[in-house]
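Asker: First to last, the sequence lines map onto chains A and B. In terms of my numbering, the first sequence opens at residue 1 and continues consecutively. In terms of my numbering, the second sequence opens at residue 1 and continues consecutively.
Just so you know, these hints were derived from the structure itself, not from any lab. These numbers come from a predicted model, not from an experiment. Among the clues, some could well be false.
To be verified - According to the in silico footprint, chain A covers these stretches of chain B (three or more CB under 8 Å from chain A):
| hint | stretch |
| --- | --- |
| 1 | 24-30 |
| 2 | 93-107 |
| 3 | 113-120 |
| 4 | 209-220 |
| 5 | 223-234 |
| 6 | 303-314 |
Heads up, the beta-carbon is just placed ideally off N, CA and C, and yes, glycines get one too.
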Amino acid sequence: MSIDPIFLVEAAVNGVLLGGVIALLALGLNLIFGVLDIVWIAYVDLVMLCMYAIYFLVTVHGWPIWGAAIVSLAVGAVLGVGVHLLIISPILTSPPINQLLATGGLLFFVQSAATLFWSTDHRSVRLSLPSWEIGGIFIPATRLIPFAISILAVIALYLFLTRTYIGTAIRAVSQDREAMSLMGASPQRIYVVTSAVGGLMAGLAGALLIFQYAVHPFFGGQFGPLTFMVCVLGGLGNMVGAFVASFIMSEVIAVGGVVMSTEMGYVIAFVIFIVMMFVRPGGILAKRQ
Amino acid sequence: MTPGRIAAAVVLAVLLLQPLIPLGPYRQYVLHVTLQIFIWSFIGGAWSLMGRFGLVSLGHGAFLGIGAYATVLLWNFYGVTPWLGAVVGMVAASLAAVVVGLPCFRFRVVGHYFGLVTLAVGEVVRLLIIAERDWTDGSLGLTLRSAGGDSLWAIQFGNKQVFYYGSLVVFLIGLWIWHRVDHSMTRSALEAIGEDETAAASVGIRVTRFKLGITVLSAALTALGGSLYAQAIAYVNPETLSGIGVSLKIVFAVVLGGMYSLLGPLVGTALTTALAEGLRILFGLKLLGMADTIYGLLLIVFIIFLPEGIYGSIRAALQRRAARAAPGASVSAKVPA
């Protein structure tokens, strides 16, 4: 079976567009991962809650999408701080696996509560936006706009972390927790700020994902595993690595999905992740030990 | 006989006689629920064999899926008896465990990195099952081909009682294996490795060999649990038998009960099953998701306040009380021999 090259090019373009949004998800999670050394298994489920918020504001209350998106950012930030204060903070000194499992419990809770309140229906906001044709390839605005905003957000996060005082403090804590408290800085405050920024990113990701995807209670299962893998593949707390990794993974999934099947695209992406964990445990951009 | 042994004998007698209690129309349902508790406790026990040593796998669904699909596919397409199918499943799961485990242990993938690698493995198996839809009917799941009546060769029985006793036996074998590991050199070696790998290696413990051994044992038993589940329920589905969802459920039931104790997985599984079934009977399908909502909330609360699990915490409390009652005994117990 041969595949028309135009489909491959289209798949590759879609991969890039998907990569932008995955990058946003992965950077939010990676920020928390890098600073607190905890994987929030339920991160994408928080994104899902933000998507529900937008859905209800737009379809039920008739809000404009940008207004709902701003609310989504706030919801994300509040959720991020809430998760940190209620769940992470009491078990900050527990074994890492307990922290992982506690956020896993949150995953079950959020997923089932969403099923309970909003049933398993797939809900989408149905935006009617144009599509552009460039050289025989259709690029819908519902993909291009999120991609562009996502890239801008990634640049904004980068500037926040490198150019502001609090951003520098966040990076310092991620490098050495003990040293920071010796310098007289309060890690607890940094943790709360980090969780809020991570949550904000989740809110933004939710606002961008609702353009292309319907929201349902198991949305987290669709993007969750992929997001952790991109994070780890990029390297713990390594922002540039996570950015590169999200494009590699999304290309594999998009092109593999066209050449074989959607499932096989994911299988190949996961196998690459597993093998990379053996070869480069510090992430793709880490120096070889 | 110690009070503990007497209690165990009474419980076992009750379990053996339970199918004989006349429950009228509810009999099959009660058997169906209890046999699932045995199977999932067995699987939880298999997971805790490695979980208690810090090898926290978030992908045991991979082994479960391999075991269940090996038996069902071999029977449905080639008429191979599930007795052999289960063995094939266990061997395949062991091979998968070696393929993933060996590089993991060689390259020292530990902690949550190990968790994430195993999580990826669980997802790979789930996606492969779905992708091979010509065989497996993808995410629709696969029904076990009927042997046309009761058959020991096909392990198919209309009466749940047979599966009840079968899964009780398998569950008890699981307890025995757990007990054997608990009282062996392997346990000391693995505990040392869990505390500090480099130090363990420096006193001559073969780190990779021990870790791989316990992983293969755990994987093979999990696959056996999968085969047994497939035969008892006569239906397999990639979502309920592999992937992240079921993998986390196995871990959670064990954590809830207590992963460092023999009966922890049983207590955790019995509790979560009772909760799910109880809420289902109370609310029916109206409140879909209610059981898991409470379950998720309980898990968070437990990990924060009772990290040793219910059974583990009760046992620790009882031991403290016993130590207070006989102060001399506790002192002598603390002095190393």
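Asker: None of the hints should be skipped; say for each whether it holds.
Answerer: Each hint tested on the structure:
1. Counting residues of the stretch 24-30 of chain B whose C-beta lies closer than 8 Å to any C-beta of chain A gives 0; at least three are required, and the coverage claim is violated.
2. Restraint check on the stretch 93-107 of chain B versus chain A: 5 residues with Cβ-Cβ distances below 8 Å, three needed, restraint holds.
3. With 6 residues carrying a beta carbon less than 8 Å from a beta carbon of chain A, the stretch 113-120 of chain B meets the three-residue requirement, and the given coverage holds.
4. Only residues whose beta carbon comes within less than 8 Å of a beta carbon in chain A count, and the stretch 209-220 of chain B has 0; fewer than three means the coverage is violated.
5. Figure legend: the stretch 223-234 of chain B, annotated as covered by chain A; annotation inconsistent (0 residues with Cβ-Cβ distances under 8 Å, at least 3 required).
6. Here's how the stretch 303-314 of chain B fares: 3 of its residues keep a CB closer than 8 Å to some CB of chain A, so the rule of at least three is met and the hint holds.
In this structure, the earlier hints numbered 1, 4, 5 are contradicted, and the remaining ones agree with it.
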